[in-house]
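Engineer: The lines below spell out each chain.
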Amino acid sequence: MATLHTRSAARLMMAPSVILLFGWMIVPLAMTLYFSLLNYNLLTPGTAAFVGLLNYSYFLTDPAFLQAIGNTLLLVGGVLLITVTGGILLALLLDQPIAGQGIVRLLVIAPFFVMPTVSALVWKNMMMHPVYGLFAWIARGLGLQPIDWFAQLPLFSIVLIVAWQWLPFATLILLTALQSLDQEQKEAAEMDGAHAISLFLYIILPHLARAIAVVILIETIYLLSVFAEILITTGGGPGTESTNITYLVYAQALLQYDIGGASAGGIVAVVLANVVALFLVRLIGKNLDA
Amino acid sequence: MRTSSKGHHALITTIGWIVGLLIFFPILWTFLTSFKSEGDAIASPPTFLFFHWTIENYVEVQSRSDYLKHFFNSVAVTFGSTLVAILVAVPAAWAMAFAPTRRTRDILMWMLSTKMMPPVGALIPIYLLFRDWGLLDTLSGLIGVLMLINLPIVVWMLYTYFREIPGDILEAARMDGASLGKEIVYVLAPMAVPGIASTLLLNIILAWNEAFWTLNLTAANAAPLTAFIASYSSPEGLFWAKLSAASTLAIAPILLLGWFSQRQLVRGLTFGAVK
Amino acid sequence: MKLASFLIAACATAVLAATASAQTKLTIATVNNGDMIRMQKLTDDFKAKNPGIDLEWVTLEENVLRQKVTTDIATKGGQYDVLTIGTYEVPIWAKQDWLVPLTGLGAGYDVDDLLPPIRAGLTVDGKLYAAPFYGESSMIMYRKDLFEAAGLKMPDKPNWDFIKSAAAKITDKSKEIYGICLRGKPGWGENMAFLTTMANSYSGRWFDEKWHPTFDGPEWKKTLDTYLDLMKTSGPPGASSNGFNENLALFQSGKCGMWIDATVAASFVSDPKASKVADKVGYAPAPCGTTCKNANWLWAWSLGIPAGTKKVEAAEKFIAWATSKPYAELVASKDGWANVPPGTRKSLYANPDYQKAAPFAAMTLQAIDSANPGLDGNDKPKPYIGVQFAAIPEFQGIGTAVGQQFAAALAGSSTADQALKNAQALTLREMTKAGYIK
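Sequences listed follow chains A, B and C, in order. Quick note, the first sequence lines up with residues 1 to 290 if you use my numbering. Quick note, the second sequence lines up with residues 291 to 565 if you use my numbering. Quick note, the third sequence lines up with residues 566 to 1003 if you use my numbering.
In case anyone wonders, no lab produced these hints; they're calculated from the structure. Ideal Cβ positions, reconstructed from N, Cα and C, are used throughout, including at glycine. There could be a bad hint or two in this list.
Unchecked claim - Some but not every residue of chain B turned toward chain C, in silico, with C-beta under 10 Å:
{"id": "1", "residue": "Q352"}
{"id": "2", "residue": "I414"}
{"id": "3", "residue": "F420"}
{"id": "4", "residue": "Y522"}
{"id": "5", "residue": "F529"}
{"id": "6", "residue": "W530"}
Unchecked claim - Distance condition first, Cα-Cα at most 30 Å in a straight line; then the derived BS3-like pairs of lysine-lysine:
{"id": "7", "chain 1": "C", "residue 1": "K875", "chain 2": "B", "residue 2": "K359"}
{"id": "8", "chain 1": "C", "residue 1": "K612", "chain 2": "B", "residue 2": "K359"}
{"id": "9", "chain 1": "C", "residue 1": "K875", "chain 2": "C", "residue 2": "K722"}
{"id": "10", "chain 1": "C", "residue 1": "K660", "chain 2": "C", "residue 2": "K722"}
{"id": "11", "chain 1": "C", "residue 1": "K921", "chain 2": "C", "residue 2": "K660"}
{"id": "12", "chain 1": "C", "residue 1": "K641", "chain 2": "C", "residue 2": "K729"}
{"id": "13", "chain 1": "C", "residue 1": "K911", "chain 2": "C", "residue 2": "K838"}
{"id": "14", "chain 1": "B", "residue 1": "K359", "chain 2": "C", "residue 2": "K590"}
{"id": "15", "chain 1": "C", "residue 1": "K709", "chain 2": "C", "residue 2": "K820"}
{"id": "16", "chain 1": "C", "residue 1": "K692", "chain 2": "C", "residue 2": "K876"}
{"id": "17", "chain 1": "B", "residue 1": "K296", "chain 2": "A", "residue 2": "K186"}
{"id": "18", "chain 1": "C", "residue 1": "K876", "chain 2": "C", "residue 2": "K606"}
{"id": "19", "chain 1": "C", "residue 1": "K875", "chain 2": "C", "residue 2": "K614"}
{"id": "20", "chain 1": "C", "residue 1": "K606", "chain 2": "B", "residue 2": "K359"}
{"id": "21", "chain 1": "C", "residue 1": "K820", "chain 2": "C", "residue 2": "K718"}
{"id": "22", "chain 1": "C", "residue 1": "K786", "chain 2": "C", "residue 2": "K718"}
{"id": "23", "chain 1": "B", "residue 1": "K359", "chain 2": "C", "residue 2": "K641"}
{"id": "24", "chain 1": "C", "residue 1": "K876", "chain 2": "B", "residue 2": "K359"}
{"id": "25", "chain 1": "C", "residue 1": "K845", "chain 2": "C", "residue 2": "K722"}
{"id": "26", "chain 1": "C", "residue 1": "K614", "chain 2": "B", "residue 2": "K359"}
{"id": "27", "chain 1": "C", "residue 1": "K786", "chain 2": "C", "residue 2": "K841"}
{"id": "28", "chain 1": "C", "residue 1": "K911", "chain 2": "C", "residue 2": "K921"}
{"id": "29", "chain 1": "C", "residue 1": "K1003", "chain 2": "C", "residue 2": "K787"}
{"id": "30", "chain 1": "C", "residue 1": "K786", "chain 2": "C", "residue 2": "K797"}
{"id": "31", "chain 1": "B", "residue 1": "K359", "chain 2": "C", "residue 2": "K899"}
{"id": "32", "chain 1": "C", "residue 1": "K738", "chain 2": "C", "residue 2": "K722"}
{"id": "33", "chain 1": "C", "residue 1": "K718", "chain 2": "C", "residue 2": "K729"}
Using the sequences and the hints, build the whole thing.
Structural biologist: Shown next as C-alpha cells:
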C-alpha cells in the first residue's frame, strides 16, 4: 500500500478539488468570455451578433469606470484599515482579564453572523436614517444637524457598515494569534524594562504579522465584490459616488439585461481583482509561510 | 501586561463592556424593534425598553411567508454544501500539506483566485447552465454552487492547519508498524479534528449568509432564509417592525450556533500560527 | 459531484412529473405590497372553488422581483406560472411573444369593465396580455388643517407656482413641519416616475422624435430647478433617500403639508389605525405647469402568464379569480371597501359603498382617466409609449442612472446644470449603444 508520500497518491487526493474548481472556473469564464464578444441583450434575443471588443470599449470608456476603480480600492482599503487596527485593539482588549469575558466576546463577534442584507437594512433604516435613525436622534440631542449619511458620505457609510461586519472576523483571528504569544517572552521583556509601546511594537506586532496577512488576504477576496450593501443602501449613488466595479457591472449591464456588456465588465473585474491579488501576495505573501 | 491592580481591572472591564455593547447594539436594536408596533418602530424620539411589547410581527411573519420552509432550506443548503466541501477538501488539503511540491503554493493561490470573478458577471452563464440541467430552484443545485464558491477557503484553512501537524509523529507511528489506515484514524484524525471543526463552522456561517446565488437561482421551492428576508424589504407601507422580526428569525439560528461553538471556531483559526 | 447532482435532479424531476398530474401547482411571483399580501391571505376562497390547484408564492421587493422574473422569462427558465408585471413590461414582452394572450378568463369576467387607459396599457395588437390587479395614478394629498391655518385654499387645478408658495407658507422647520414631501430616492420607478410627470407638465419628454434625449432643453431645466428649489425651501431633510415608504411615514406622522405621490397612498394616509392625520387629508389633481397633459402617471400591477408554461388553464383560472368583480366583494367583506384594490374597474367606482368608504375614489378615477400613455399623450410628440417611463428595454438602466444624477443634485453633491449635463451624456451614450440613435 502506498504511503502518504508518493506523488500519485497525493495527486489522486487533490484531484476532486482541483477538477471541480477548474470546472467551476473554466466553464463560467469561457461562457462569459464568449458572451462578452457578442451584442447579446436578454430582452431582444435572436439579434445577438459578434461585435468583437465593442462591449469592452463601452465598459472601459464609461465615465464612471475610473471612479468605480477608485471607489473599489477605497472601499477595500478603508475596511481593511478599520478592521485590522480595530481588530488589533479589540484583541488586545479581550486578551485582558475582564469580568464576564465570555459574554463580551460574544457581543463582539456577533456582527459576523448577520446576513449582509440584514446588516445593510438595519444600518440604513434604524441607525443612519436622517429622520428616524438613532444617529440622527443623538445628533439632535446634542443640538447638531443630523448627517444625511447616504447622501453626504455615501462611500464612507458603506465602509462603516462593511467594516462592522468584518471586524469580528479580524478580531477573532488576531485574538487567537495573540493568545499564542509566549508569556515568558513578554515577561522577560517587561523585566528588561520595556514599556507598553515598545512591547507592542517589537514583540507583539511581529508575532501577529502572519495573522494580519491572513486577515488581509481573506478580507480582500470578499471585499472586492461587495455588492448587496451597495444595492440596498445607496444604489451606487448619489450619481456614482459609491459605485464599485461590481456594482458598475450590475448597473451598466445587468440592469439593462445587456449580457454582452455584463460579461465584458465581469472579465475586466476579474483582471483587476487578479492584479490586486498579485500585488497583495507580493506584499504580504512572505508572511503567509512559516 | 502588568499584573492588574483593582482599578486597572475595573477600567478594562468597563471599556470592554462598553465596546462590546456598542458593537452589538444594532443587533440588539433590531431585536427590540421586532417587538414594537409599526408606529412605535419609527417613533422619534425612539423608545428603548418602555414601549408596548407585542408579538404581532412574529405572528404576521410566520403566517405570511413560511418561515419553517425557508429555515429548512437554509439548513439543508448550508449543511449539505459544507459536508460536500469538507469531503472534497480534506483529501486535497492533506495531500498538499504532507506531500508538498513546488507547485503547491501556486495551486493554492489559483484556487483562491477562482473567487475573484464577481458573481454578477457570471450570473447569466450559470443561470443558463442550470436551466439546461434542470437545476434551477433545486436544493442540489444550490448545494453545488455554494460548495464551489467556498471550497477555496475551506481547502486553504485545512491546509494551513494540517501543515502544523508534526510529521514526526506520523514517522514514529509508521516505524511502530502502523498501517496507513491506523495512521489516519488513531494518530492524524484526533489532531486534525479541531481544524476540521472550525473550518466546518466558518463554512456554515458563510453559506448561511450567502445572498447572491441563493436569491437568483431559486424561486419557490429551494428558497432559503436570504430570500425570506428579501420579501420584507421595502414594500409599500410601514414594514420596519416586521422586517426586524423577520431579520431576528433569520439571524437567530446562526447567531446561536456561532455563540455556542465560538471556542471551537477560535481553536481552528490559527492558520498555522500556533506552535 | 456535478454529475451526481444532475442525476439526482433528473430522477427527482421524473418522479415529480409522474405525480404531477394529481395536483396542479402554480408558482406565482408577486410584489410584496399590501394588496398582494392581502390576496395571499384570501386564497382559501380560491382553493375552495378550485380544489385541484395548489398555490406557491414567491414574494419579493419590486426591483428584485423584476430582475428575477425578467431573467427567467427571457431565458425560458420556466420557474413561474403566473407573474406580476406592470404596464412597463407588458408592451415589451408581448412584442417578444413571451406572454400568453389571456383569452380564457371566463364568461363572467367582463373585460369591458376595465378602465380604458389601464386596459390600453396592457393590450397589444388588440389582445389583452395581462389582467390588472390594481391601478394607480398620482395626485396631491394635503393637510386641510394646515391649509386652513395659513389661510390657503387648494384650487381645482393647482399649478406649480401655487404649490411653491403654499409650501413655503406652511413650512415650519422648527416644528418639523415640511411644506411638501416629494420622492428623492433614485430609481426609474422612484424619483424618476415623479420627475418625469413633472417634466411632462412643463411640456417636456424623455426623447424627441429622433430618440434624442432632451435633458439639454429648457423643459427639464425648469423642472429640475423648480424641484430643487421646492425641496430646499420646504422639503424634509434626507430627501434624497426618501421613496414612497419614507414619505408615507412622514405624512402619516404629520410632518408633511403636501405629498404628491401614488393614488394608492390615499388608503394608507386616511387609515386611522396607521395615520395620525387620517381625518385631515384633502385630495387634488397633480399640479400642471405649462400643460396638464400627463402631469400624473399611470401604472397597473397586473397578472400575466409566461409563454411556455404548461399550466395555462389553471393560471387563467387564478388570474380570473384575483382580478374579477367577486374578488372585490370578497375583500370588502373581510377588510372593508376602502381596502379593495383600486384603479381597475369602472364598476368599482360606480359602487356607492365604495364611494362612501373611500373619499379619494373620485379623484383617483379622474387621475387615471386623464393619463394617456400613447404616442400622442404628451404636449409634444414622443416616439415611446408610457407616461412616466419609456417602454423600451433600455429604460430601466438609463432611468435609474439619470435618477442617481438628479438625486445627487438634491443631495447637494452636484448642481442642477451638472446633473442635467451628465444625464444627457449618459442617456445619449446608452441610446447610441443600443442602436436607437444612428
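Engineer: Taken at face value, is the distance from the CA of K797/C to the CA of K786/C at most 30 Å?
Structural biologist: Since the Cα atoms of K786/C and K797/C sit roughly 16 Å apart, the hinted pair holds (cutoff 30 Å).
Engineer: Take a quick look at whether K875/C and K614/C sit within 30 Å of each other, Cα to Cα.
Structural biologist: Roughly 21 Å separates the two Cα atoms, so the pair holds.
Engineer: Measure nothing beyond the straight line between the CA atoms of K614/C and K359/B; if it is 30 Å or shorter, mark the hint as holding.
Structural biologist: holds (26 Å)
Engineer: Sort out whether K921/C lies within 30 Å of K911/C, counting only the CA atoms.
Structural biologist: Measuring from Cα to Cα gives roughly 16 Å; hence the hint holds.
Engineer: Between K296/B and K186/A, does the CA-CA distance stay at or below 30 Å?
Structural biologist: holds (21 Å)
Engineer: Any CB of chain C closer than 10 Å to the CB of Y522/B?
Structural biologist: Cβ of Y522/B sits 7 Å from chain C, so the hint holds.
Engineer: Between K820/C and K718/C, is the straight-line Cα distance small enough, at 30 Å or below?
Structural biologist: Roughly 19 Å between the alpha carbons, so the hint for K820/C and K718/C holds.
Engineer: Is it true that the CA of K845/C sits at most 30 Å from the CA of K722/C?
Structural biologist: Given pair K845/C, K722/C holds - Cα atoms ~20 Å apart, limit 30 Å.
Engineer: Are the Cα atoms of K359/B and K590/C separated by 30 Å or less?
Structural biologist: holds (17 Å)
Engineer: Is the hint on I414/B kept, meaning its closest Cβ partner in chain C is under 10 Å away?
Structural biologist: Holds: closest Cβ of chain C sits about 7 Å from I414/B, inside 10 Å.
Engineer: Is K911/C within 30 Å of K838/C, Cα to Cα?
Structural biologist: Status holds; Cα separation ~28 Å.
Engineer: Next pair to validate is K1003/C with K787/C; report whether the Cα-Cα distance is within 30 Å.
Structural biologist: holds (29 Å)
When the structure is compared with the earlier hints, violations turn up for hints 1, 9, 10, 11, 12 and 27 and for no others.
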